[in-house]
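Protein chains: 2
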Amino acid sequence: MIVGIDLGGMSAKAACVEKGTKTEVVRIATSSSDPAKQTISSLAHLAESAAEAAGIPFDSIEAIGVGAPGIVDSGAGVVAAWTNFGWKDVPLSKELSELTKKPVFILNDANAAALGEATYGAGRHFSDCVLVTLGTGVGGGVVLGGKLFEGFKGAGGEIGHTVIRAGGRKCSCGRRGCLETYVSTRALIADTVSAARREPQGALSKALRAGRKPDGFLLFEGLDMGDPGAEKVFQQYISMLGEGILNLASLFRPQAVLLGGGISAEGERLLGPLRKYVDERLTAAEYAPLQILAAELGNDAGILGAAEFARQKVGKDGQN
Amino acid sequence: MIVGIDLGGMSAKAACVEKGTKTEVVRIATSSSDPAKQTISSLAHLAESAAEAAGIPFDSIEAIGVGAPGIVDSGAGVVAAWTNFGWKDVPLSKELSELTKKPVFILNDANAAALGEATYGAGRHFSDCVLVTLGTGVGGGVVLGGKLFEGFKGAGGEIGHTVIRAGGRKCSCGRRGCLETYVSTRALIADTVSAARREPQGALSKALRAGRKPDGFLLFEGLDMGDPGAEKVFQQYISMLGEGILNLASLFRPQAVLLGGGISAEGERLLGPLRKYVDERLTAAEYAPLQILAAELGNDAGILGAAEFARQKVGKDGQN
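Note that the protein sequences, when read in sequence, are chains A and B.
Going by the working numbering, the letters in the first sequence line up with residues 1 to 320, in that order.
Going by the working numbering, the letters in the second sequence line up with residues 1 to 320, in that order.
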């Protein structure tokens, strides 16, 4: 039995995990004003609470896996940089291990979600998967041969920050034309609102004037209402996301690309046109087919993936 | 001792390889009009010739590695498609193994060059390298943890066919804006000639009128002659190649990107501006630095890489 922890900027959640099944999730609030040592001490208590909530003696916990924000050097067990919390080179593995007397393995939180989703969620039938999470930003992770791929010092797998239109939209990372600037929920909402502005008599515009708050689903309501601007935005969204997926296919050629984030709840409505766009352009598509699937685990993916990461490491250590 | 074979559309070359050192290279002509069985039979003789030329009894050859063009399913030992030779699902490993009584391991030729260059060439000090070969097209391969990364059924690592400017230049693969359409030698030459046409009084234009044949080095001569059009083409070339390398860094985050192909002979003149472009934009550059280096092995990379691939496979089989 392994404790998986999903550490975030608002809260940390934990549960005991075995074979991809988790027990009751316990949580604590986290705060950027707490010193790192205090946060880590809270995580130690959280791990014990998870065991207690599951009715499992803490002694029988084999290891702890933690998905943490920022740049994580999983090999060294160090959070190299978590800007929002002011963490720099925090030896999270070592310190949490000293407090809990358990082996602790850490990884980036988006990578944890990818490993969880690939192992126990929509990717469970495939050995190679890329998770693309469409949120305020675009994150995700890469799982190859059932193992997380992180790149040199964990700095790889930055799916949102690959340029897809050189010289295009300005990105927060400093480059121009990153995938994130076209397919994040933030970009989708901004494009939907722009389309509404261009057609003041259109359905989107009317909805906004009537007080509809813009979110990632507004575009789809615009499509339902037959707004021509919405249709254009949707076509561009599909083509840019499609090109991003095709690029991942050119490089990693996974068996499956998994789409996470709120918008993936649109299901076939999003996946259908996307699959069509990709299948029409994918080289050797019949020879090495690529599945495009919606993620299944939602918020659970992080805990399950963090636990899976620890499970694989403990298993590997056992073999050596 | 292992025989490495580099199979191409004009010739096949082979040598015995041990610890990255090869003996005399022997070669035969290849022809698309020969049936696959005949070509494979020639390869069997070629492997024996390589041993003979090296003064090594063929009995002491442990295995044969073959880099072959096209889509290669190295796991199955099958050339899935080599269009120019009309090969489709040719079981090269099995047939060559039957003729030579040796274990035979095959891989894509660009991947063989990448593995050779990463293991014994410019990448020898790094465990994770991406080779980008700037030729008529843009090829290369990905080596992670010292092992070749090929993707599902060998269809990954297609570095040239990642879109970098969505909606941009038409590519032979059917998509628009692939890296290859901006940074291949073919693209570089076309852009140089276009620049010359725009300035009939410029140095580039005069050189072409005086009978200079356009090639990949013409641009650099134009720079020497102070042609303003050449400078513009060079800046665009650096920025597109830089964006391509930054994209590889975002996803694979290798320790080194190795540049192959004729143009890499320009050395610092190309590498200097390219490093500057990349370093100014690479996230976490100090934390996880990325080297950009010229490939060193030239045409030898393919033979060395094919042999290395076989060496790793034989070693692995031995361990099981």
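Simulated from the structure, these hints should not be mistaken for lab results.
Check before you lean on any hint, since a few could be wrong.
The list treats identical chains as interchangeable, and a pair is accepted whether it falls inside one copy or across any two copies.
Pairs of lysine to any residue, SDA-like flavour, derived with a Cα cap of 25 Å [what the hints assert, rightly or not]: (1) K213 x D224; (2) K19 x E286; (3) K94 x E296; (4) K313 x F126; (5) K153 x H125; (6) K313 x L99.
Original post:
For K19 vs E286, is the C-alpha pair at or below 25 Å within one copy, between two copies, both, or neither?
Top reply: neither (33 Å within a copy, 39 Å between copies)
Subject >> Intra- versus inter-subunit Cα pairing at 25 Å for K153 with H125 >> reply: Close across copies (16 Å), not inside one copy (28 Å); limit 25 Å.
Original post:
For the identical chains here, do K94 and E296 meet the 25 Å Cα criterion within one copy, between copies, both, or neither?
Top reply: neither (33 Å within a copy, 41 Å between copies)
**OP:** Up to 25 Å between alpha-carbons, please classify K313 paired with L99: within, between, both or neither.
**Re:** Answer is within; shortest intra-copy Cα gap is 19 Å, inter-copy 43 Å.
Original post:
What label fits K313 with F126 when the C-alpha limit is 25 Å: within, between, both, or neither?
Top reply: both (20 Å within a copy, 23 Å between copies)
Subject >> Intra/inter-copy verdict for K213 and D224 if alpha-carbon distance must be at most 25 Å >> reply: Answer is within: at 17 Å inside a copy they meet the 25 Å cutoff, but 59 Å across does not.
Violation of the numbered hints given earlier is confined to hints 2 and 3; the remaining hints are satisfied by the structure.
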